[in-house]
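Novice: Spelled out from the first residue to the last, the chains are:
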Amino acid sequence: MIEFHQVHKTYRVAGKRAGREIPALQPTDLRIESGQIFGLIGHSGAGKSTLLRLINRLEEPSGGRILVDGEDVTALDANGLRQFRQRVGMIFQHFNLLASKTVADNVALPLKLAGVRSRAEIDARVAELLARVGLGDHAKKYPAQLSGGQKQRVGIARALATGPTILLCDEATSALDPQTTASVLQLLAQINRELRLTIVLITHEMDVIRRVCDRVAVMDAGEIVEQGAVADVFLHPQHPTTRRFVLEAEQVDEDERRDDFAQVPGRILRLTFHGESTYAPLLGKVARDTGVDYSILAGRIDRIRETPYGQLTLSLVGGDIDAALAQFRAADVHLEVLR
Amino acid sequence: METLATLFVNVDWYEIWQATLDTLLMLGGSLLFTVLLGLPLGVLLFLSGPRQLFDNRPLYALLSLVVNVLRSLPFIILLIVMIPFTVLLAGTSLGVAGAIPPLVVGATPFFARLVETALREVDRGIIEATQAMGATTRQIILDALLPEARPGIFAAITVTAITLVSYTAMAGVVGAGGLGDLAIRFGYQRFQTDVMVVTVILLLVLVQVLQSIGDRLVVHFSRK
Ligand SMILES: Nc1ncnc2c1ncn2[C@@H]1O[C@H](COP(=O)(O)OP(=O)(O)O)[C@@H](O)[C@H]1O
Ligand SMILES: [Mg+2]
Chain A
2 MIEFHQVHKT YRVAGKRAGR EIPALQPTDL RIESGQIFGL IGHSGAGKST LLRLINRLEE
62 PSGGRILVDG EDVTALDANG LRQFRQRVGM IFQHFNLLAS KTVADNVALP LKLAGVRSRA
122 EIDARVAELL ARVGLGDHAK KYPAQLSGGQ KQRVGIARAL ATGPTILLCD EATSALDPQT
182 TASVLQLLAQ INRELRLTIV LITHEMDVIR RVCDRVAVMD AGEIVEQGAV ADVFLHPQHP
242 TTRRFVLEAE QVDEDERRDD FAQVPGRILR LTFHGESTYA PLLGKVARDT GVDYSILAGR
302 IDRIRETPYG QLTLSLVGGD IDAALAQFRA ADVHLEVLR
Chain B
532 METLATLFVN VDWYEIWQAT LDTLLMLGGS LLFTVLLGLP LGVLLFLSGP RQLFDNRPLY
592 ALLSLVVNVL RSLPFIILLI VMIPFTVLLA GTSLGVAGAI PPLVVGATPF FARLVETALR
652 EVDRGIIEAT QAMGATTRQI ILDALLPEAR PGIFAAITVT AITLVSYTAM AGVVGAGGLG
712 DLAIRFGYQR FQTDVMVVTV ILLLVLVQVL QSIGDRLVVH FSRK
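Residue numbers (the numbering used here), protein chains in the order written: chain A, 2 to 340; chain B, 532 to 755.
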């Protein structure tokens with residue numbers, strides 16, 4: 002478990018504009034349970050990287066305490082910090098592989114640094130890691146010979162080398178195309194499942210959160226403005242920033258949509274299904290029972306991690322609209338009356 | 532052979548061979564010490580530089596000043612100024628041994644700057660990734676920075692070696708021997724154009740060979 006207790010960070014800019022202070026992270030409390038995939042979403046400059054890098058102290062906190070499995074990492078000395086960092090893997094947007102070393106030597110590096118001497122032990126571990134990320138045949142290649150997705154897989158293998166319990170991912174898929182992003186996310190989910198690894202993942206895409214995360218925190222201007230289970234945050238966003246991210250993910254323009262709805266007669270409501278209810282034949286039944294006519298104005302059916310969800314915006318005309326609303330309320334769906 | 536002999540009447544091939552050997556010895560010896568001294572100096576310059584691992588303004592300013600002063604001194608002046616120090620160090624200010632100390636002092640600051648630049652070219656992300664693995668500063672330098680900067684360092688060695696070739700020619704002035712000395716004493720002062728042509732061709736060949744070895748190493752270690 003990772004805990005933040007009133008952790009804050011202010012950068013002091015050196016050089017020409019010396020003395021200028023940038024408050025990158027406001028005093029923050031945060032709990033990340035072990036074994037979770039925890040997403041951090043926010044626009045550029047929101048303070049996501051700062052928060053992430055405080056966990057392995059690539060940045061020193063300006064104040065507050067960070068506990069990992071009960072251990073105060075803000076109190077570690079240089080030696081303790083190095084030991085601790087071997088238990089925390091990290092992957093990066095631009096991979097940060099050593100161009101001068103082969104794939105195998107890149108993955109072996111953390112082991113060498115940790116003082117593993119036996120060549121046989123290193124070779125065996127590297128082979129196992131490369132097999133896990135699906136790069137068994139690429140051990141002797143250099144990073145320049147790999148695609149972006151393959152480079153990130155090497156990054157993941159390298160981050161796992163010393164058997165960490167936490168994996169930090171700073172925009173790990175932001176430099177990849179959508180298809181490669183999907184396969185890297187799938188690999189992260191698999192690692193999380195099989196190694197019971199806690200993953201903290203930064204992104205600016207809600208879609209990444211929706212696909213792999215258990216919980217999410219939304220950051221804005223150095224603060225966590227909303228957090229919770231992904232399904233709750235994604236389906237019922239509260240903060241304006243969160244709303245924008247969700248709409249972005251659905252590729253919806255809110256103003257355009259409002260204008261469109263103004264043309265439509267009747268009541269407008271939004272139904273949100275999650276889990277089993279997503280595939281239940283609710284609409285037809287309500288229409289038959291109450292005599293209302295409905296038309297679908299907007300809709301989406303997809304998955305949050307493994308669980309299906311649906312979100313439909315309907316207009317209702319004719320029949321007994323109040324009875325229809327009552328039936329929806331009684332059913333296993335979330336109802337919002339928009340107009 | 533007839534024509535060669537008539538073309539180069541003044542050329543004493545044995546002397547040319549001796550001079551070539553002297554040049555190679557001066558070059559090899561001075562390059563060795565330049566790299567041995569300049570590499571750590573370059574690493575120190577890099578580490579103490581602004582926003583680097585050991586960011587230390589006073590140290591960086593001092594090292595920078597020393598390097599800049601030595602680099603701005605014309606080599607010919609350095610040669611003369613250094614004579615007492617050279618005698619102390621090499622036992623003589625003449626010959627190959629006497630040439631090496633001024634050559635090293637002349638080339639080391641230049642090489643150190645090039646090493647600093649090569650290290651700066653290494654992506655900061657590499658240092659960060661290595662730090663995140665729990666590396667010590669020593670490990671970051673030896674296991675990440677230097678291997679990553681290897682192409683740049685080989686390019687720096689190449690440029691330095693070629694600069695040293697022209698310095699060895701100047702060192703001839705203080706009795707160091709070598710091809711440059713031959714060119715000046717016979718080719719220039721005695722108007723023996725054939726000697727001049729032969730030495731210049733040999734120096735040219737030497738520079739070409741150094742450059743192509745250097746280029747090959749740079750390409751090899753770039754791993755592209
Ligand atoms: N090393 C640094 N020195 C000074 N300011 C920084 C540094 N790193 C980040 N910042 C500033 O802190 C704020 C948050 O940055 P960051 O955590 O990188 O945001 P994000 O990852 O969400 O884009 C930004 O205003 C950024 O300019
Ligand atoms: Mg960032």
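Just so you know, the hints here were simulated from the structure itself, not pulled from any lab data.
Note that CB positions come from ideal geometry on N, CA and C, so glycine has one too.
Hints may be right or wrong, so weigh each one.
Stated by the list, open to error - Some chain B residues close to chain A (C-beta under 7 angstroms, calculated; not the full set):
#1 G626
#2 A628
#3 A660
#4 G665
#5 A666
#6 R669
#7 L677
#8 P678
What the hints assert, rightly or not - A few chain B positions that, by computed beta-carbon distances, are all more than 12 angstroms from chain A:
#9 L567
#10 M664
#11 L676
#12 A686
#13 Y719
#14 L733
#15 F752
Novice: If I take the minimum Cβ distance from L567(B) to any residue of chain A, is it greater than 12 angstroms?
Specialist: holds (22 angstroms)
Novice: With a cut-off of 7 angstroms, does the beta carbon of L677(B) approach a beta carbon of chain A closely enough for the hint to hold?
Specialist: With a minimum Cβ separation of about 9 angstroms from chain A (threshold 7 angstroms), the hint on L677(B) is violated.
Novice: Go through the hint on G626(B) and say holds or violated, using the shortest Cβ distance to chain A against 7 angstroms.
Specialist: violated (40 angstroms)
Novice: Going by Cβ atoms, does Y719(B) stay more than 12 angstroms from chain A at every point?
Specialist: holds (46 angstroms)
Novice: Taking the closest pair, is the beta carbon of F752(B) still more than 12 angstroms from chain A?
Specialist: violated (7 angstroms)
Novice: Would you assess whether L676(B), listed as outside the interface, keeps its beta-carbon beyond 12 angstroms of every beta-carbon in chain A?
Specialist: Violated: least Cβ distance 10 angstroms, not greater than 12 angstroms.
Novice: Hey, is M664(B) genuinely clear of chain A, shortest beta carbon separation above 12 angstroms?
Specialist: Non-interface label on M664(B) violated, nearest chain A Cβ at 4 angstroms vs cutoff 12 angstroms.
Novice: Is the claim that A686(B) lies outside the interface with chain A correct, judged by CB distances over 12 angstroms?
Specialist: holds (14 angstroms)
Novice: Holds or violated: R669(B) as interface residue toward chain A, Cβ cutoff 7 angstroms?
Specialist: violated (10 angstroms)
Novice: Does P678(B) meet its interface restraint, that is, does its C-beta lie within less than 7 angstroms of any C-beta in chain A?
Specialist: This interface hint holds because 4 angstroms falls under the 7 angstroms limit.
Novice: Identify whether the interface hint at A660(B) stands, where standing means a beta carbon of chain A within less than 7 angstroms of its own.
Specialist: holds (4 angstroms)
Novice: Quick one, is the A628(B) hint okay against chain A at 7 angstroms, beta carbons?
Specialist: violated (37 angstroms)
Against the hints set out earlier in the document, violations occur for numbers 1, 2, 6, 7, 10, 11 and 15.
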